[in-house]
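Visitor: What follows is the residue order along each chain.
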Amino acid sequence: MYIGKVIGNVVATRKDEKLIGSKLLVIKLEEGMPRSARTIVAVDAVGAGKNDRVIICTGSSARYGLKDIESPVDSVVVGIIDDLNT
Amino acid sequence: MYIGKVIGNVVATRKDEKLIGSKLLVIKLEEGMPRSARTIVAVDAVGAGKNDRVIICTGSSARYGLKDIESPVDSVVVGIIDDLNT
Amino acid sequence: MYIGKVIGNVVATRKDEKLIGSKLLVIKLEEGMPRSARTIVAVDAVGAGKNDRVIICTGSSARYGLKDIESPVDSVVVGIIDDLNT
Amino acid sequence: MYIGKVIGNVVATRKDEKLIGSKLLVIKLEEGMPRSARTIVAVDAVGAGKNDRVIICTGSSARYGLKDIESPVDSVVVGIIDDLNT
Amino acid sequence: MYIGKVIGNVVATRKDEKLIGSKLLVIKLEEGMPRSARTIVAVDAVGAGKNDRVIICTGSSARYGLKDIESPVDSVVVGIIDDLNT
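From first to last, the protein sequence lines stand for chains C, L, E, Z and S.
Its first residue numbered 155, the first sequence is counted upward by one per residue in the numbering used here.
Its first residue numbered 155, the second sequence is counted upward by one per residue in the numbering used here.
Its first residue numbered 155, the third sequence is counted upward by one per residue in the numbering used here.
Its first residue numbered 155, the fourth sequence is counted upward by one per residue in the numbering used here.
Its first residue numbered 155, the fifth sequence is counted upward by one per residue in the numbering used here.
Certain hints may be false.
Identical chains share a label here; the pair holds if one copy fits it or two copies do between them.
[Unchecked claim] The calculated lysine-lysine pairs, modelled on DSSO-like cross-linking and capped at a C-alpha distance of 30 Å, are:
#, residue 1, residue 2
1, K221, K204
2, K159, K172
3, K182, K172
4, K177, K159
5, K182, K204
These aren't lab readings, by the way, just hints derived from the structure by calculation.
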């Protein structure tokens, strides 16, 4: 999983029906991560909001964070980070 | 998911039979995305056309945006972007 | 999916039994694609030959272009390109 | 699979319920690996601790290292390295 | 699939039980491949040994090269290359 920061959201009226009702977050991946400083779009699964530092699950596994696991979604926010011990 | 812009389409007469009838879009990934400014080919699932700014689902999850989920497709356009709030 | 050009093939006598009878193509990914100018190995599913410009499906989805979808294959040629309208 | 070193862990109170009870390790990928020197977050499946040199399975396969294979997890520590013979 | 050379193996006593009995090879990806000159760890499925030039299947598809397809493995050696015709 990657660590990133929620920086906004996407508005899309025309979309796959399984995405209706989902919050599409824009996430900036953190420095030091693979693809650092790049932005991706992820579905929120934990009530994340702007400026939250979050854990993102990517790939086909991401679907298991959603109610409907047969959704065309490759990135899901699966946790909100309180602290990083390194 | 990534954000990109539809810049054209691919014509391919000889192809996997599950791709027959699908619109194969050429998408330029947006600056700031991973692989920014690169182009990929994605199947349209939402009626997207040239110059539309779209959301692309990649990987095995992408199949869930299609009618036949057992298609050999790794990238599907799953939404057309109205606005990006960042 | 990516676009590439068939530049050759791989000969491998000792291989997974599900690969027996498959044509293993060497593909050079096109400029402008992610990983452009790099080469990968893909199983042919559409009768592609040397110098053909092709569409390659990658990842777990690629298996759906094969007769046996439980094959250890992550890249399959799923179309031969006639034209690119951009 | 990749090789990396455990450098810490993530604390996240609000997370997908399937992640409750899992240890979320911060892993620094080793030099010479793809994405070397970058950090990722992986679920521990073998009792790994700080400074352990580990094998990480990524992608949808990673789920098979967990008790609940329907978890939204894309990276799992599946082995602790004793020695590398090269 | 990628092409690489077997340069060694990994010794790991503590590992996922589905990896017990598997040979964990260290593979250097060939120049010209994506991620060229980087090393990855892959499970041997065809009796490959040091210095063999091999085909590696990656991602979730790799599991289909193993006896137990529910293994946490993202890279498997699925062929030994005799010759490359390019």
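Visitor: Compare the structure with each hint and give your call.
Guide: Consistency of the hints with the structure:
1. K221 / K204: Answer is within; shortest intra-copy Cα gap is 22 Å, inter-copy 33 Å.
2. K159 / K172: Classified as both; 25 Å inside a copy, 22 Å across copies.
3. K182 / K172: Answer is both; intra-copy 24 Å and inter-copy 24 Å each pass.
4. K177 / K159: both (15 Å within a copy, 21 Å between copies)
5. K182 / K204: both (11 Å within a copy, 27 Å between copies)
This entry satisfies every hint, going by the numbered hints stated previously.
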